[in-house]
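Going down the list, the sequences are from chains X and F.
Read in this note's numbering, the first sequence has 424 at position 424, and its numbers run on one by one without any break.
Read in this note's numbering, the second sequence has 310 at position 310, and its numbers run on one by one without any break.
Calculated directly from the structure, the hints in this document are not laboratory data.
The reader is advised that the hints may include incorrect statements.
Keeping only pairs whose Cα atoms sit at most 27 Å apart, straight-line, the calculated DSSO-like set for lysine-lysine is [stated by the list, open to error]:
1) 187(X) <-> 185(F)
2) 187(X) <-> 74(X)
3) 415(F) <-> 187(X)
4) 152(X) <-> 74(X)
5) 187(X) <-> 435(F)
6) 185(F) <-> 141(F)
7) 74(X) <-> 435(F)
8) 194(X) <-> 415(F)
9) 415(F) <-> 74(X)
10) 371(X) <-> 408(X)
11) 252(X) <-> 276(X)
12) 152(X) <-> 139(X)
13) 185(F) <-> 194(X)
14) 141(F) <-> 218(F)
15) 435(F) <-> 194(X)
16) 415(F) <-> 435(F)
17) 194(X) <-> 74(X)
18) 408(X) <-> 280(X)
19) 371(X) <-> 141(F)
20) 252(X) <-> 280(X)
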Amino acid sequence: MASARPLTGVVDTVGGLVDLESYESHDGYAAARQALATAPDDIIDLVSEANLRGRGGAGFGTGMKWGFTRGPAKTPGPKYLVCNADEMEPGTFKDRYLLEYNPHLLVEGMIIAAHAIHAEVAYVFLRGEYHQPYRELHKAIDDAYAKGYLGKRIFGTDINLELRIHRSAGRYICGEETALLNALEGKRAQPRQKPPFPPASGAWGRPTIVNNVETLCNVPAIVRNGAEWYQDLGIGDDAGTKIYGVSGRVNKPGLWELPIGTTIREIIEEHAGGMKDGYKLRGLLPGGASTDFLVEQHLDLAMDYGTIQAAGSRMGTGTMILMDDTICPVDMCRNLEHFFAQESCGFCTPCREGLPWVEELLTDIEEGRGKEGDLELLDRNAMFIGGTTNTFCLHAPGAMEPLASALKYFRDDFEEHIRTGQCPYR
Amino acid sequence: MARVNIDGRDYDLPDGQNLLHACLSERLDLPYFCWHPAMGSVGSCRLCAVLQYRDEADTRGRLQMACMMTVEDGLRIGIGTSDGEASRPAAFAADFRKQVIEWLMENHPHDCPVCEEGGECHLQDMTVMTGHSMRRYAGMKRTWVNQYLGPFVGHEMNRCITCYRCVRYYRDYAGGTDLDAFGSKSHMFFGRAEDGVLESEFAGNLVEVCPTGVFTDKPFSKVYTRKWDLQSAPSICPHCSVGCNTFPAERYGVLKRVHNRYHGEVNGYFLCDRGRYGSHFVNHDRRIRNAGVRAEDGVFEAPGRDAAVTAVAERLQDADVIGIGSPRASMGANFALKELVGADNFCIGMADDEAATMAAMLDAYRGGGFKIPSLTDIETADAVLILGEDISNTAARMALAVRQAARGVAFEMAKDAEIPDWQDAGVRGHAQHAKSPLYIASVASTRIDDLAAATRHGDALDLARAGFGIAHAIDSDFPPGTLDAFVASAAEALAAADRPLVIAGSEAREPALVQAATNIALALGTRGEDAMLALTASESNSYGAALLGGSLGLSDAVQRIADGAVAVIVENDLYRRLPGDGVDLGRAIVMDYLETPTAESSAVVLPASTYAEQTGTFVNYETRAQRFYQVFEPTDEIAPSWRWISAIGNAMGRDDLGWTDMDSLTKACAAAGVELSGLADVAPGAGFRVDAESKIPRQPHRYSGRTAMRANVSVHEPKTTVDHETPFSYSMEGLNTGDQPGAVLPYVWSPGWNSNQSVFKFQQEVAGALAGGDPGARLIVANGDTRKDAHQDVPPPAQTDLSNGTFVAAHVSYVFGGDELSAASAPILERTPPPYVLLNSADAQRLGVSEGNGVAIAELGASYEVRVDDGIAPGVAGVARGLPGTGVLTTTSVNLAADPDFVRRPGGDPNLIAKG
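Turn these sequences into a full structure, and let the hints guide you.
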């Protein structure tokens, strides 16, 4: 009977790091063997059918993405698979868990994905600060090479795959897949204009598929157990499981692999143990810092792509940050916008020049220097920075999501700051 | 064409073109920063926002950047205006553009009153155009420490609005490596890793590429004048044979600066730094300002204009008179001199080896069988061979065009991947380092070697033999030369190309090299390709002088002088062309701008106008005759050489030299030969009027101080000179509509567009021809129809005993100070190296010298600085020519020995301390 928790089940069974031996003793690399004997296009079709959607935050169909670069490269030269392991979204630590405890799952997922898209070179673009994940993944890759699962003629087939780790120099924007590719090429980490999308012209101008860690980790179980099994794992429209996380003043902060579509309330109250005594939930960012606030009325919504989007936010990475009633929304926005302003790549005007202004306005308001008209300036900036086509990439619009929603749900707090000339939470 | 609705009006725009480009071609006022017509789109500034509507019913629209949109049929967009009246929803786009400016102005200093960009600042224009006028950002402004970037370009980073144009231009377009974008977020710095001279010889274009005052013209800053107070006229760069179009600008009798003058076929949007900074010789304190007649005591006296003319006439009256013209003098000056002395006594002023090489070049052009490419044509070449000419130093702007040609394959790859050609970062990212084939056969390393598929080094004859080998490899009917891997590979690449290009020239003074290049072009032509051959000459009017022709070689002329002839030497320093001890110029009459050694040796000197002080014609490497107009009136007794000659003729009682003005001189010159007939069509004559009645003002409409600028001299306002020579006036009255012929565009300036970006208002379409047509007339138009026989005389290899410090001598050139005029321009002087010899490291070691040491050159009786270049072939010495302090080498080999007493000295001519 296949595990209902294909990503983390084996970690619990083993009771910690799943090394190569433990991994193989729990059917590890069986999917890779199976996939290598399968036609690449059939794997793409299987993943499409399973309705696996990108777990990095955007939720793009993985099978469809792979399908953009079906078959061998059309022009002479390589194709690349890149794993986006630059997990820098504030409040998000799901990929880190997979890398630290189940690194072979990623290696196996990448072997299958590389085969599906005819790539013979794959990279893991790893967040620079992820030292332990680096050690575990490095060990896993070494072990896989030693066993002949990576390198030339893997698993005794005619298929080759070189898998390399690229440790990021540390920029949030590198999580944007085209900025990631620029950084991988040794260029400034600034996003690229799309089109061309990476499947057409990615790393070094070659067809490239970029997938998130969690996404790739879903692939082996799909290959092993089939699309229908995978679809049945999910509760609503979406398929599979999702690693959800909660940070904030709850009794048991952490992360859990649950059927995708579990409600927010269940995640917070059952798995995270509910709010600590004396703290009341005021709002939450459902999927990382760059998603709109949700509030009490949204607690019974299912955490899946469509439902959260319909509520005006995004599921994002699925790892939520809770704001309780002791936290000043203005201060929280100021904190977030400081981060986003800091992490702007500096390429386009609204992001580069708009975010620092927003941060400065928020700082003034929070520190009691807010003036009449500041909220209108915040609204105006949020509107003009927030339009998804107004900026070069989605960094700045993402930065405006928590701000615009805070201005909607917690406007009284902003007004009070300005009216009283101080932060009521201090 | 695609039907596109803009603000409710239908336009037919080129399908697939970039939308911003297309809007500007329609002369619509759509603001932008980061886009550049020569560099395409990257979408960084977000200023060109428009609203895109789904259909007629869509009243909301979606904000899009025009620079990132493709023109397609049915497109509906709104630009809107800052007052929101043009179309209601589009006011949102206008409001966004205003916001973009507000963001950019957060950190931009309000130093416009003291900023060199003030009054011609694209940022100022866009700020006004978008309607941003109230500062709401209350924070501190970001500041930077500026860098020293060398003598050409000033740096004021506080003004930066982070449009990325500078690095896109410097790195991506011009191939520079020492300017970059540093930092991130709102702390982006554009400069060098550390203080230092910008290496690229195209760095000066940063001044025009930067939309505000970060990169400024440093020499101009020292004598700063607002754009609206500058007087200018269309001109031609006098520093090489490319013939870039320029706008020199003047005030108070000082040539203040040179800006690019757009020409759709020649220089486009960019100049080289020799052209931009080389003209300060006009302000030199060693300008000859008055006629001088040497008295018996050997000292020049200044008897006044008329007396000097009389003195010359007397000296010429019954004498054997010869004329030595000049490849840097205008067609008019050379023609007038030739008329004065007669064809048999006229020498075009080049040394015999250069004249022979020029003859071979003209012979090739006249024979045809290929296309003579403009720079725009060069940019389209899909395989290039450069044979024995270091164009980065002799025709720098052409090297920049070759750099663009190398990108051809990138555009093809992008096309296959459906990436539009204007999507600059996409094209570059997709193609990575892919380059169209470029083969460079040169004496030494060149600054475009980074583009080359292969390079090959040798002396001129060796390179010529390789060239013959390539022609033979393409078509075995051509005589064989050297065959090696380079030859085979270059031949294959050229033969496979649709638009192959061969570039050679006169740098080596070796006709065989030109003939080899010609054979290659002809060999390619026989295969039915659209082959191109460009042959660069050394000076601005080398082709003009050669086309005019003259029976007298320079060595014959020297002999005539020795035999007692009186030489009239026009704008030519013979000591740059002949060994110094070979000629006595004690009886010579010299007309020139600067106190050259030739002028100082002569009997009479007459002060000649520089190109900026007169109207004339130069003929460039394509044999494109181009008119330059007088920018300002010279002071003192300075006059155009042809006027001196005409006056001398009058004084001698000749009635055939009485040209009254430029038009009559041009007419006479055009009648002097079939190939010169095109001179009549180069540019409009004095009678041309805009809209049939208006002259064209040299001064922009805001020119100030006319009544006051000479008040320190006299409170009486001088009468404005009436210009009978040209369609221009010395005033701000008149019309510069932009519809007049491109040759008579004195400046670009359009309502709302005060910066040089306004040029799109003067073009038929963005980056296309000027509205009134690109100027100039080609005198020889080679075509593929005439088929000429191959050159059969393959030269033998250079015969030199390479033992005991003997080397094959090869001429090498340098862009800064390598021509006579730029070497007398103060800013250039700072970049001019001392005389040097290039040796490879093994040869240097053999001589016991290293970089910076000196070697004595026996043939020159002088010691030069050693520069080690492993691009140079063993046994070959690259001997610098044309720099201040270099001698004239007449031998094909040199004997070198270490000079232990050599003292390394800074560059520049110690005798010519330029000011200006």
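Taking the hints in turn, this is what the structure says about them:
1. 187(X) <-> 185(F): 16 Å, holds
2. 187(X) <-> 74(X): 26 Å, holds
3. 415(F) <-> 187(X): OK: residue 415(F) and residue 187(X) at ~23 Å, within 27 Å.
4. 152(X) <-> 74(X): The hint holds at about 23 Å.
5. 187(X) <-> 435(F): Holds, at about 19 Å.
6. 185(F) <-> 141(F): At roughly 15 Å apart (the allowed maximum being 27 Å), residue 141(F) and residue 185(F) satisfy the hint.
7. 74(X) <-> 435(F): This hinted pair holds, its Cα atoms lying about 20 Å apart.
8. 194(X) <-> 415(F): 15 Å, holds
9. 415(F) <-> 74(X): 14 Å, holds
10. 371(X) <-> 408(X): The hint holds at about 19 Å.
11. 252(X) <-> 276(X): Given pair residue 252(X), residue 276(X) holds - Cα atoms ~9 Å apart, limit 27 Å.
12. 152(X) <-> 139(X): Answer holds: residue 152(X) to residue 139(X) is near 18 Å, not above 27 Å.
13. 185(F) <-> 194(X): 21 Å, holds
14. 141(F) <-> 218(F): 25 Å, holds
15. 435(F) <-> 194(X): 23 Å, holds
16. 415(F) <-> 435(F): Judged against 27 Å, a Cα distance of about 15 Å means the pair holds.
17. 194(X) <-> 74(X): 20 Å, holds
18. 408(X) <-> 280(X): Roughly 19 Å separates the two Cα atoms, so the pair holds.
19. 371(X) <-> 141(F): Holds. Residue 371(X) to residue 141(F) sits at ~20 Å (cutoff 27 Å).
20. 252(X) <-> 280(X): Since the Cα atoms of residue 252(X) and residue 280(X) sit roughly 15 Å apart, the hinted pair holds (cutoff 27 Å).
Violation of the numbered hints given earlier is absent; every hint is satisfied by the structure.
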